Amino acid sequence: MGWFIISRALVVRILFAFHGFLTIYLLTVVSEDPNHWYATTSLTGLLLETGFTIYVRKGQEWKWFCPSVLFYLLSVVPPIWLLELHELEERIMEELIRQNSTNVFHNVSDDEQIADLLDKIVSVFGELNHIKTPDTFISQALNLINQARVHAFEIPRWILPKGQLTHDQLSELLLVYIATAADIVEFFDAFKEDAVRFNRPLCIVILSIWSWSLLQFTMVLTATKKPKDTLPPPVKLEPCFTPEVFGIVISMFLQDAPFLVLRLLLIFQYDVVSYTNMFFTCKNTLVCMLLTYRLVVIQIESRRSEISEKPSVQLQ
Numbered sequence: 081m082g083w084f085i086i087s088r089a090l091v092v093r094i095l096f097a098f099h100g101f102l103t104i105y106l107l108t109v110v111s112e113d114p115n116h117w118y119a120t121t122s123l124t125g126l127l128l129e130t131g132f133t134i135y136v137r138k139g140q141e142w143k144w145f146c147p148s149v150l151f152y153l154l155s156v157v158p159p160i161w162l163l164e165l166h167e168l169e170e171r172i173m174e175e176l177i178r179q180n181s182t183n184v185f186h187n188v189s190d191d192e193q194i195a196d197l198l199d200k201i202v203s204v205f206g207e208l209n210h211i212k213t214p215d216t217f218i219s220q221a222l223n224l225i226n227q228a229r230v231h232a233f234e235i236p237r238w239i240l241p242k243g244q245l246t247h248d249q250l251s252e253l254l255l256v257y258i259a260t261a262a263d264i265v266e267f268f269d270a271f272k273e274d275a276v277r278f279n280r281p282l283c284i285v286i287l288s289i290w291s292w293s294l295l296q297f298t299m300v301l302t303a304t305k306k307p308k309d310t311l312p313p314p315v316k317l318e319p320c321f322t323p324e325v326f327g328i329v330i331s332m333f334l335q336d337a338p339f340l341v342l343r344l345l346l347i348f349q350y351d352v353v354s355y356t357n358m359f360f361t362c363k364n365t366l367v368c369m370l371l372t373y374r375l376v377v378i379q380i381e382s383r384r385s386e387i388s389e390k391p392s393v394q395l396q
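When we follow this note's numbering, the leftmost residue of the sequence shown carries the number 81, and every step to the right adds one.
A few of these clues could be false.
Said to hold, decoys possible - Here are the computed distance ranges between Cβ atoms for each label pair:
| id | residue 1 | residue 2 | range |
| --- | --- | --- | --- |
| 1 | Ala-228 | Phe-145 | 22 to 28 Å |
| 2 | Ile-380 | Phe-359 | 39 to 45 Å |
| 3 | Val-109 | Ser-382 | 52 to 58 Å |
| 4 | Arg-374 | Gln-220 | 36 to 42 Å |
Bear in mind the hints are in silico, worked out from the structure with no lab data behind them. As the structure is a prediction and not an experimental result, all values here were calculated from the model. Don't be surprised by glycine CBs; every beta carbon is placed ideally from N, CA and C.
Using the sequences plus the hints, can you model the full thing?
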């Protein structure tokens, strides 16, 4: 049984390392810069964590925190940033070339400029063809990496030894991961909006919020106590420090609130009123309202339980 647990932990970390190495390899191919291979040093943390988990913890995972996911993100997120910024520069260059080609047509006034115009058209289309191919390749590769990253949170978490988690908690955690990963992938589609495609500061903001939201996968938010273990603790926790409240706050702080702020910014500042953006703006608004309502309900129920317990304590 011990070797089976260790093998599961080892397989998951090999998958993490392979996906991180593949992302770095794609970065070096697209950028044609071998210096980007230095990013493989980020896999050192995952290697050290693997050794500690295998030899010290015997393959068992932590209950509240997943360090292997953290080191996996450290190896994957920076290359994706560089790939997205590389694609952004390609889009900006392509747009500048198109604008120049349009200006060329407007500046033609007589037949004597036709020969020069044809030469410029040939050069413009040559540059466009040179840019379009890598841009399409990068887009397809990034989409593939994003899809793989979604499953990199779900399937490995399923394979990993559950440690102190119960089967019920693990199944709940997997469902949460699926829903959260789907929202993050859809948020990444904001790069398809015309107002975003050529806006460098806005792209950096989106990448920052996207990276920030991925941190929640390093936390096991469903790791609450089992019913049979709910004995009276020596020190009673306040309602604001319960695991459920912590999970709600983390979800709002790392994902729903930043997503909502950005989508509202796209609507009111950049006039992005597409169907997709409006739909997910409404969705994030409702989620934030429901989570806030849940926090209020938890506090009210906790106060009521405290009031109901006071008479029984006095009778004793």
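A quick look at each hint next to the structure:
For the pair Ala-228 and Phe-145, the beta carbons lie near 23 Å from each other, so the given range of 22 to 28 Å is met. At roughly 32 Å, the beta-carbon separation of Ile-380 and Phe-359 lies outside the given 39 to 45 Å, and the hint is violated. Roughly 55 Å separates the CB atoms of Val-109 and Ser-382, a value that falls within the hinted 52 to 58 Å. Take Arg-374 and Gln-220: their Cβ atoms lie about 40 Å apart, and the range 36 to 42 Å holds.
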